[in-house]
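Visitor: These are the residues of each chain, in order.
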Amino acid sequence: MGMFVQIEIDYNKCKNVKNCKICEDVCPVEIFKFEKLDNNRKISVVEENIDECIFCNLCLEKCPQGAITIKKLY
Amino acid sequence: MKLYEYESKTIFKKEGILIPDGYLASSPEEVEKIANNLKKEVAIKAQILATGRGKAGGILFAKNPKEAKQLANKIFSLKIKGFEVEKVLVEERLYPSSELFLGITYDLSQKKPVAISSSLGGIDINEISRKYPEKIFTLPINMAWGMQNYQGKLLAKNMGLKSKIMFKAANIAVKLFNIFSKYDCDLAEINPLILTQDGELIAADAHLELEQEALYRHKELEQLNIPIRKDSPRIPTEFEIEAEKIDKIDHRGVAGRVVEFDGDLGLLIGGGGASLTIFDAVRYHGGKAANYCEIGGNPTVKKVKELTKLILKKPGIKGLAVITNVLNNTRVDLVARGVILAMVELDINPSEYPVLFRSAGAYEEDGYKILRKYGIKYLNRDYSIDQAAKTAVEMISK
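Those protein sequence lines, which keep their order, are chains A and B. Oh and the first sequence: position 31 is 31 in the numbering used here, straight run, nothing missing. Oh and the second sequence: position 277 is 277 in the numbering used here, straight run, nothing missing.
Watch out, some of these pointers could steer you wrong.
Short derived list, chain B residues pointing at chain A, Cβ under 7 Å [unchecked claim]:
#: 1; residue: 300
#: 2; residue: 301
#: 3; residue: 369
#: 4; residue: 370
Listed below are the simulated BS3-like cross-link pairs for lysine-lysine, each with C-alpha atoms no more than 25 Å apart in a straight line [claimed, not checked]:
#: 5; chain 1: B; residue 1: 182; chain 2: B; residue 2: 219
#: 6; chain 1: A; residue 1: 72; chain 2: B; residue 2: 369
#: 7; chain 1: B; residue 1: 13; chain 2: B; residue 2: 40
#: 8; chain 1: B; residue 1: 248; chain 2: B; residue 2: 313
#: 9; chain 1: A; residue 1: 21; chain 2: A; residue 2: 36
#: 10; chain 1: B; residue 1: 369; chain 2: A; residue 2: 71
#: 11; chain 1: A; residue 1: 72; chain 2: B; residue 2: 377
#: 12; chain 1: B; residue 1: 164; chain 2: B; residue 2: 153
#: 13; chain 1: A; residue 1: 71; chain 2: B; residue 2: 373
#: 14; chain 1: A; residue 1: 13; chain 2: A; residue 2: 33
#: 15; chain 1: B; residue 1: 135; chain 2: B; residue 2: 164
#: 16; chain 1: A; residue 1: 72; chain 2: B; residue 2: 373
#: 17; chain 1: B; residue 1: 248; chain 2: A; residue 2: 33
Residues from chain B that keep clear of chain A, each with C-beta distances beyond 10 Å, as calculated [what the hints assert, rightly or not]:
#: 18; residue: 85
#: 19; residue: 110
#: 20; residue: 114
#: 21; residue: 126
#: 22; residue: 198
#: 23; residue: 235
#: 24; residue: 273
#: 25; residue: 315
#: 26; residue: 334
#: 27; residue: 351
#: 28; residue: 379
#: 29; residue: 383
#: 30; residue: 390
FYI, nobody ran anything at the bench for these hints, they're computed from the structure. For each residue, glycine too, the CB sits at the ideal point set by N, CA and C.
With the rest of the complex left out, here is chain B (with noise of 0.2 Å):
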């Protein structure tokens, strides 16, 4: 789970890392307040869940309360990567005279956590190392013991840090590793750590990721105001959404996991990983895909047929393609059955409308059976799902 930049700070403010003096706003007038009661220069940035938003022009400088009012304007109206501007941050302006990055992120090769620092902070560690490998600074450190002071200095050393400064950037460095264990982190990061003309180091930015699978062990995020919550690529759409919704109606099985498309190939398909699989044999044979969606663990019939309507309302669809690998633990009878009740719900001839079944596995005498009886196109398991996919393709194509 990424946490927006406010969120990551509180965690920073309470583990001990120094970082401006600010506070969150929501609209342009709170921000002149929040200008007028800092008394100084002030930086305005926007709190979205994505990175590049400095050359989006997400993060602007103000020198009075007037002057923050009319760039929080600006900086509300934008939409960075997707994503509209609700909060910003409004903190004191640092001026630096050195700006240096620290982070940690999971080597995945080596299977343990791996700090990286560098005297260039301020921009994109990949440009760095794409343009300046050489001022990268790796360290892989031991999950059982921690971050020692002696690697904390290492990668103080390695930002070009001397004396008392590089003791005090070992110290967050240390404090950084703490804060990566303490709460599951996938990626804690610090860029930039700003050197400030009278010698302190302090955390302009603050980047945290959170391992989704490790939130429930952290009740403490709700005291600190941080709401659990799912990262999406991309803000859902309404008909993602819905699916979600449906998908919840029944803790049994999978009848989700939905993405748009555009295409005019409504899918449902699954099997053990064989939704991609299947998603690509279809854009293979030339089909465009309305929406990805798996189904799997045995599904209820009510649960199958709510997709199924989900899916044939969608404007544009010409067909319907039920596609899985051999299943033994979805049964081909009850997805028939929700697929067919869904068509007879919408006012839909089975017989007539162009859908194909290519689903083998448990019960599937029964499943076939019934896709007879309501004269439905099945493929059995001797066809493969290439083949399966591209019969579904000349299907709407007719």
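Pulled out of the complex, with its shape left as it was, chain A reads as follows (with noise of 0.2 Å):
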């Protein structure tokens, strides 16, 4: 969480697409960290970037499962 923007990913939702990155993809501020882990994939937020988020939406509209959740903290 940064201090002025929270972002949470709902992995039970994540979970149901094979390989899809699309919120690194589309994210301009480099928010969303994809790692292949063997047979496992793994979507992580960069702590570090949260507070850089411009609030573009786009990870919202092209998240497939909806699985992002933006909420400004002020």
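Using the hints, put the two chains back together into the complex; each one sits in its own frame.
Guide: Below, the structure written as structure tokens:
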């Protein structure tokens, strides 16, 4: 969680898609990071970049599972 | 980009303008060795990017290698107009029968290059034009056609030259113009152009300034051992160097162009050319800026944060003013986030520290919400830049 923005991924929804990394692809400020671990995949939020979020909402629009939530902390 | 004399002479030599026999040296021992090899009386010339080195003792003449070493010691210990002397050019000494001036620059009112010649070389052209304006001949040159031979001859004739020597000088003028055009120069100057006692014309000094915006077209400079660099009117301070590094963290937006001053009010300012106005307004109201610093074009939060940290860590800082014009390309909320993050990382309580915002434009409501949450005083677009500057100065005077 950043000081100004909170971004969360609902992993129960996120795990339903294989090799999806659309949030990492669309985010202009590199908040999401995709890692491939053996047969698994993991999308994580880069803590130090959260406060760079510009509320473009591309991740919300493009996530096929609707797994991302963004909240302003002010 | 200003070139050192030895760099300009490298170009002159390549393009066929005669220069004195000489080599570059970085120590008095090297100077002695070069003087020994030249087997002539030598001139030792400090290599700095400023004019007036002759008057400051940066050019000395030696009769033998031993004396050359002694004089080089003196020159290497000089600091001329803020520049340390790190290299010297050791050249054969010339004995002129006359010293001439030849230069090419742009005439901004005519919007074309202008060639200048004079029979009075060896002194600053501004001084010649002040004391002996009748001795200066100027000739506009059409960039599309370049300098024609007859124009070269006109320039040479007005240096007071005749017959064969006039033709030689005309040839040099044309070559100098070709250099000016080929290397995208703002200025190409030979002062003095020396007429030797045996009738040769030699460029004793060389001064080229290349247009910064056109440097990308000149890959050949690397082959000539001329590194591309950024001109600075003075040597940047550690604070300024650090700020430049921060600006390079990311290509997005500007959070840099920092100039350090010795005041106590830190500034983050910008907005379509408003920075200078803001800076002037601060001074007008009796404020002393600790720095000049532009922000604009939507820098990342991290860039604003790092720059704010740099300013707040500067010794003697009493407060911070973040003042911008009404901006539609730099978000108020992102700048506010960066400033607050910097304060938090430095263990500064934003609500207690003297900081004033006057930012308006994109996402200003979000920005104001953030500032209110952290107890930071702000002025909205109802207040002018001038009022904001006055408020900031009063804030730290209390």
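Visitor: All hints, please: hold or fail.
Guide: Hints, one by one, checked against the model:
1. 300: 6 Å, holds
2. 301: Hint holds; residue 301(B) Cβ to chain A Cβ min 5 Å, cut 7 Å.
3. 369: 5 Å, holds
4. 370: 5 Å, holds
5. 182(B) to 219(B): Judged against 25 Å, a Cα distance of about 12 Å means the pair holds.
6. 72(A) to 369(B): 11 Å, holds
7. 13(B) to 40(B): Distance ~21 Å between residue 13(B) and residue 40(B) Cα, so the pair holds.
8. 248(B) to 313(B): 20 Å, holds
9. 21(A) to 36(A): Roughly 10 Å separates the two Cα atoms, so the pair holds.
10. 369(B) to 71(A): Holds - the C-alpha atoms of residue 71(A) and residue 369(B) are around 14 Å apart, at most 25 Å.
11. 72(A) to 377(B): This hinted pair holds, its Cα atoms lying about 21 Å apart.
12. 164(B) to 153(B): 11 Å, holds
13. 71(A) to 373(B): 16 Å, holds
14. 13(A) to 33(A): Holds, at about 17 Å.
15. 135(B) to 164(B): 22 Å, holds
16. 72(A) to 373(B): This hinted pair holds, its Cα atoms lying about 12 Å apart.
17. 248(B) to 33(A): It holds: about 23 Å lies between the C-alpha atoms, which stays within 25 Å.
18. 85: Holds: least Cβ distance 45 Å, greater than 10 Å.
19. 110: 47 Å, holds
20. 114: 49 Å, holds
21. 126: 51 Å, holds
22. 198: 69 Å, holds
23. 235: Holds, because the least Cβ-Cβ distance between residue 235(B) and chain A comes to about 34 Å, which exceeds 10 Å.
24. 273: The claim holds: residue 273(B) sits with its nearest Cβ about 25 Å from chain A, beyond 10 Å.
25. 315: Consistent with the label, residue 315(B) stays out of reach of chain A, its closest Cβ about 27 Å off (over 10 Å).
26. 334: 7 Å, violated
27. 351: 14 Å, holds
28. 379: Answer for residue 379(B): holds, closest chain A Cβ roughly 19 Å.
29. 383: Holds, since 22 Å exceeds 10 Å.
30. 390: Answer for residue 390(B): holds, closest chain A Cβ roughly 29 Å.
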